[in-house]
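Residue strings, one per chain:
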Amino acid sequence: MRRAAALLALVALALALVVPAAAATPRGIRMGLAEPAFGSPDPGLRGEWLARARGAGAELALLGVNWSAVAPSAPPAGFDAADPADPAYDWAALDGAVVDAVAQGLAPVLNVQSAPAWAEGPGRPSAAEAPPGTWMPQPAALGSFARALAARYSGGFADPADPGAGPLPRVRYFQVWAEQNLSVHLNPLWQGRRLVAPRHYRAMLNAAYAGVHAAQPGARVIVGGLAPYGDAVAGGSRVPPVWFWRSLLCLRGARLKPARCPEPARFDIAAHNPIDVWGPRRGAVNSADVSVPDIGRLARIVRRAVATKRVLPARRKPFWATELWWDSNPPDPHGVPLRRHARFLAESVFELWRQGAGAYVWWYLRDQAPGAAGYAATQQSGLLYHDGAPKPAYRAFQFPFVARRERGRLLLWGRAPAPGAVVVERRTPGGWVRLARVEVGRARVFLLRLDAAGPLRARARQGKDSSVPATVPAGKGGPQ
Amino acid sequence: MGKIATLALLLMLAVPAPAAAVARVVVPPGNSEADQYFQTVPTATGPRTPDPSKDARDAVRDGALSAGTERALRQRGPAGLALATAVAQTAGPRGGGASGRPARQAAVARIPGDPGMGTLFPLLLALTAAAALAFFAARRRGLVSR
Numbered sequence: 164m165r166r167a168a169a170l171l172a173l174v175a176l177a178l179a180l181v182v183p184a185a186a187a188t189p190r191g192i193r194m195g196l197a198e199p200a201f202g203s204p205d206p207g208l209r210g211e212w213l214a215r216a217r218g219a220g221a222e223l224a225l226l227g228v229n230w231s232a233v234a235p236s237a238p239p240a241g242f243d244a245a246d247p248a249d250p251a252y253d254w255a256a257l258d259g260a261v262v263d264a265v266a267q268g269l270a271p272v273l274n275v276q277s278a279p280a281w282a283e284g285p286g287r288p289s290a291a292e293a294p295p296g297t298w299m300p301q302p303a304a305l306g307s308f309a310r311a312l313a314a315r316y317s318g319g320f321a322d323p324a325d326p327g328a329g330p331l332p333r334v335r336y337f338q339v340w341a342e343q344n345l346s347v348h349l350n351p352l353w354q355g356r357r358l359v360a361p362r363h364y365r366a367m368l369n370a371a372y373a374g375v376h377a378a379q380p381g382a383r384v385i386v387g388g389l390a391p392y393g394d395a396v397a398g399g400s401r402v403p404p405v406w407f408w409r410s411l412l413c414l415r416g417a418r419l420k421p422a423r424c425p426e427p428a429r430f431d432i433a434a435h436n437p438i439d440v441w442g443p444r445r446g447a448v449n450s451a452d453v454s455v456p457d458i459g460r461l462a463r464i465v466r467r468a469v470a471t472k473r474v475l476p477a478r479r480k481p482f483w484a485t486e487l488w489w490d491s492n493p494p495d496p497h498g499v500p501l502r503r504h505a506r507f508l509a510e511s512v513f514e515l516w517r518q519g520a521g522a523y524v525w526w527y528l529r530d531q532a533p534g535a536a537g538y539a540a541t542q543q544s545g546l547l548y549h550d551g552a553p554k555p556a557y558r559a560f561q562f563p564f565v566a567r568r569e570r571g572r573l574l575l576w577g578r579a580p581a582p583g584a585v586v587v588e589r590r591t592p593g594g595w596v597r598l599a600r601v602e603v604g605r606a607r608v609f610l611l612r613l614d615a616a617g618p619l620r621a622r623a624r625q626g627k628d629s630s631v632p633a634t635v636p637a638g639k640g641g642p643q
Numbered sequence: 069m070g071k072i073a074t075l076a077l078l079l080m081l082a083v084p085a086p087a088a089a090v091a092r093v094v095v096p097p098g099n100s101e102a103d104q105y106f107q108t109v110p111t112a113t114g115p116r117t118p119d120p121s122k123d124a125r126d127a128v129r130d131g132a133l134s135a136g137t138e139r140a141l142r143q144r145g146p147a148g149l150a151l152a153t154a155v156a157q158t159a160g161p162r163g164g165g166a167s168g169r170p171a172r173q174a175a176v177a178r179i180p181g182d183p184g185m186g187t188l189f190p191l192l193l194a195l196t197a198a199a200a201l202a203f204f205a206a207r208r209r210g211l212v213s214r
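For the protein sequence lines, the chains are A and B, in the order given. Last residue of the first sequence: 643 (my numbering), numbering continuous. Last residue of the second sequence: 214 (my numbering), numbering continuous.
The hints are simulated quantities; they were obtained by calculation from the structure and are not laboratory data. Do not take every clue at face value.
Derived coverage of chain A by chain B (criterion: at least 3 residues anywhere in the stretch with Cβ under 8 Å from a Cβ of chain B; other residues may be distant) [said to hold, decoys possible]:
(1) 212-223
(2) 378-392
So these bits of chain A aren't anywhere near chain B, every CB distance computed over 12 Å [claimed, not checked]:
(3) Pro-326
(4) Pro-330
(5) Ala-395
(6) Gly-399
(7) Arg-401
(8) Pro-403
(9) Val-440
(10) Arg-517
(11) Gln-518
(12) Tyr-548
(13) Pro-592
(14) Gly-617
Derived Cβ-Cβ restraints for the label pairs, each shown as a range [claimed, not checked]:
(15) A:Arg-356 to B:Phe-189: 31 to 41 Å
(16) B:Leu-195 to A:Gly-398: 26 to 36 Å
(17) A:Ser-289 to B:Phe-189: 37 to 47 Å
Positions of the beta carbon are idealized from the N, C-alpha and C atoms, including for glycine.
The following block holds chain A by itself, in its conformation from the complex:
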């Protein structure tokens, strides 16, 4: 008996020693990339850029699912929209993207957008007023499509068109629409002075949630990330994200008073697209807008909705940042300089991580070619130039590292390429010297606070991989 008691005491002591260490392990953040070439019908091109994404350290591949391209332009007689094997569907490009992404070790996130014309609502205005695919997408039709999508990529579906190839891979993440607070993606936003889009989107989201979970109970449904800035006037073409979220989750006013909500929103993961105007450390001026440092505005709404059961399942919702980017100069003369481009990327990963984000998706892997109008109409936010040569942002994505002074101490944060030892070094006239050493676990994230005065240039290193160096001026915060 005494031996048993002693043993128990020893176990308790061991637990007491181990648990605080485990609790102190920083959370991880999954890095993802979006890239048009991921969805290319050319298998060679698709495979090449998916491999480069993996090489950059991405774990998630955001794949666009153009509903109107997969579905028939007019449903034929007998069309079963919920059946992934219905011959009227054209899954060829998406199948290829999913198979190749999984083959590269990437977890696909399928982002559904753009309704076929037959699945839009009645009373459609001209395309100039509401772009194709955006007019009141019908929730029931979306629910059927979501069910077919989740069934096709459930891990147990063998394509009847190619039964010898074995089942298609499983996809776990499904995102319903994107930037539905902008009239370029969803219409109508307003009816007179009444905000109507969130209510309609709630019906879309709930139908998609039901469809996905009917096919794959373990899948995760992600809310479409909202654009960060709106027009704080009724009738605008951009609804401020805080207004949209409050209405979506049946909460009223700044105090978030619960309103009647017969059909609460259903989702598993909250998301936002905090594309930034300035650097990632400067918040939006309007309190209804949400930039990188303002995620707390959304988190508060979601927490309140969970507490008042205005969202189901009523449990804590992880948060993902599903679109971030800045264009760089070169090549775009209006972009930010390359070093700042890399720094903005690393800083934004850190700012979002410290606000609880579980995933971060950068757009794009590779610069787009300049169009007829030069760089203005295409995106030069790539980690790679159009020819595939890496920019400094490539290294910042692989190994984001931030150094800044906060409350008089030196804060060092990073996400290493792999678990293991990381050395933080300081630049001296004689070269780089060790400032700290830290062991990172599976999350690969480290956060150190040191007493180190004066200006500083630091970098993190893991084996041969090193981060982009960060500069900390004397006596104030890190670079911006």
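Position chain B relative to chain A; hints supplied.
Below, chain B alone, put in the same frame as chain A:
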């Protein structure tokens, strides 16, 4: 006299009203979809575009607010931040202060193509003053009753 003051006040308030309704536009650098991702801020000074360069970001520090005041405002949340930003972005050029730093242009710039009020503003001021004088004179002659 009370009516004159009220009239003048109303006119003064009426003049900047159209400008106040215009949004200031901030676009991300090099943004190819800038029509979607810009920040609008109502302002009483007309349509302005803050320069998103480092100079603009430092304008708060170098403008009318001390670092302590700016910090205190930022700690008040979004309203404080908005106020700090508004002060920074509407402050005029300032001479070298105690810090000895050179004057820096306030971080505002017109929207390209926007002419502003131009000569209309002084004209409106002159008309306001003339109207007030005429009203005052008419009242002294007994044309306007109390």
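So, going through the hints one by one against the coordinates:
no. : hint                               : in the structure
1   : 212-223                            : violated (count 0)
2   : 378-392                            : holds (count 3)
3   : Pro-326                            : holds, 42 Å
4   : Pro-330                            : holds, 38 Å
5   : Ala-395                            : violated, 7 Å
6   : Gly-399                            : violated, 9 Å
7   : Arg-401                            : violated, 7 Å
8   : Pro-403                            : violated, 10 Å
9   : Val-440                            : violated, 5 Å
10  : Arg-517                            : holds, 17 Å
11  : Gln-518                            : holds, 15 Å
12  : Tyr-548                            : holds, 15 Å
13  : Pro-592                            : holds, 27 Å
14  : Gly-617                            : holds, 20 Å
15  : A:Arg-356 to B:Phe-189: 31 to 41 Å : holds, 32 Å
16  : B:Leu-195 to A:Gly-398: 26 to 36 Å : holds, 33 Å
17  : A:Ser-289 to B:Phe-189: 37 to 47 Å : holds, 40 Å
When held up to the earlier numbered hints, the structure conflicts with 1, 5, 6, 7, 8, 9 and fits the remainder.
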